[in-house]
Amino acid sequence: MKTPTYDAKKATMRSAGTALFLYSILSLFTLASCSNDPIFSAIQNEVKLKDPSIEGTVSSMIANAGDLYAANGYVYCRTAGTGSWNKISLPEGAGRCAKIASDGTNMYGLFTTKEWTSFHSVQIYSGGVWSMVSGLDRVDQIGSGNGRIYAFAENTGGSSEHTYNAYVTPGVGSTSFTATPVAEGIGMPAGTAGDYFATTNAVYHLSGESAESIGTPGGGLCGIVVGANGDVYTANYGYAYRWDGSAWTSQWLDLENDPATGITILQTASKHLLIVSCDEGYGEVILDESTGALGSYISPGSVSLSTTDHEDQDQYESSIELYNISGIFAFSNPVPAGDEYVLYVSVNHYKYNGLWAYYDQTQTEWNRE
Numbered sequence: 034m035k036t037p038t039y040d041a042k043k044a045t046m047r048s049a050g051t052a053l054f055l056y057s058i059l060s061l062f063t064l065a066s067c068s069n070d071p072i073f074s075a076i077q078n079e080v081k082l083k084d085p086s087i088e089g090t091v092s093s094m095i096a097n098a099g100d101l102y103a104a105n106g107y108v109y110c111r112t113a114g115t116g117s118w119n120k121i122s123l124p125e126g127a128g129r130c131a132k133i134a135s136d137g138t139n140m141y142g143l144f145t146t147k148e149w150t151s152f153h154s155v156q157i158y159s160g161g162v163w164s165m166v167s168g169l170d171r172v173d174q175i176g177s178g179n180g181r182i183y184a185f186a187e188n189t190g191g192s193s194e195h196t197y198n199a200y201v202t203p204g205v206g207s208t209s210f211t212a213t214p215v216a217e218g219i220g221m222p223a224g225t226a227g228d229y230f231a232t233t234n235a236v237y238h239l240s241g242e243s244a245e246s247i248g249t250p251g252g253g254l255c256g257i258v259v260g261a262n263g264d265v266y267t268a269n270y271g272y273a274y275r276w277d278g279s280a281w282t283s284q285w286l287d288l289e290n291d292p293a294t295g296i297t298i299l300q301t302a303s304k305h306l307l308i309v310s311c312d313e314g315y316g317e318v319i320l321d322e323s324t325g326a327l328g329s330y331i332s333p334g335s336v337s338l339s340t341t342d343h344e345d346q347d348q349y350e351s352s353i354e355l356y357n358i359s360g361i362f363a364f365s366n367p368v369p370a371g372d373e374y375v376l377y378v379s380v381n382h383y384k385y386n387g388l389w390a391y392y393d394q395t396q397t398e399w400n401r402e
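Residue 305 in this note's numbering sits at position 272 of the sequence shown, and the numbers go up by one each step.
You can trust all of the hints, since none of them are fake.
Straight-line alpha carbon distances no greater than 20 Å define the calculated EDC-like cross-link-like pairs of lysine to aspartate or glutamate that follow:
no.	residue 1	residue 2
1	Lys-83	Glu-354
2	Lys-120	Asp-84
3	Lys-81	Glu-398
4	Lys-132	Asp-100
5	Lys-81	Asp-347
6	Lys-120	Asp-100
7	Lys-384	Glu-88
8	Lys-384	Glu-79
Each pair of labels, with its calculated beta carbon distance range:
no.	residue 1	residue 2	range
9	Gly-126	His-382	24 to 34 Å
10	Gly-241	Ser-279	16 to 26 Å
11	Glu-322	Pro-292	23 to 33 Å
Hint data in this document are derived by calculation from the structure and do not stem from the laboratory.
Backbone N, C-alpha and C define an ideal beta-carbon position, used for all residues, glycine too.
Given the sequences, and given the hints that come with them, work out the whole structure.
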């Protein structure tokens, strides 16, 4: 009987081969878990993606006169919030639409030349025709608010820091901005809503012909919304904030320190939520139905109060939660018949970019528009 022998060289080679195999498998799982283009989760929760109607980065969405509009450099309209997205022609000489806003009756657009940094005009869209809005020769941002349009132009007063002046249109259908700014030397504009606008580090209240700061709840603010009872909300990477007319309160956001990129509010018969998008997916804060107070933070699909149904949580986690979301928009009107709301997000991804949506009843899965 031959005595078994130990070949150290072969054993070492076998061990190395086994280690390499295990390392390859672990690396594959690691890449799948860290990548924004998931492998295994996508197979497990596969949803056939639609051909995209609106690609790229969606800078803004508005409801205006019963229709929905979206801008991604071009302008699209969805009549009555249903059916196809149809492209609207840009004004003569304009190359891109940087942002859209509404005074409640009319849509306005901020346009550049084919170079994004070169201002072209602000124009009002009425009767299918674009018309120039006068008063400013340079505008960097526009926003909607309580029957008016806000405009923000860089302050060229000689300061080494980039500051802005805020202007408004006098009322519905205006074709000019006020000559005198309502606020001067403010920070980077972050959003507008009702009689309020936010910079990245402060919130302002417009009263009459001037706007005054109501405080700095935190830095890195991503936008602003106003609730049905007049409460004001904003957010950053760590907290959601509420202004009740006299004081700021806050609620921690479990966004894993991801930068907040957008904010919207949804108040319907069944949903009372402040919704904040971030570098990966979005988070929600429950609002008290009667007082508007900030409640607890929830993850999409985790409870019945969420915008994403619990049965769709896995599909959300294998798609939207893995993507950079640059903006989020909730609408309860106009929406397709049978739906209480539709939630839209702007996805930044090398392969799956563009506008995505989740419908309360008629499309209970995240998919491209």
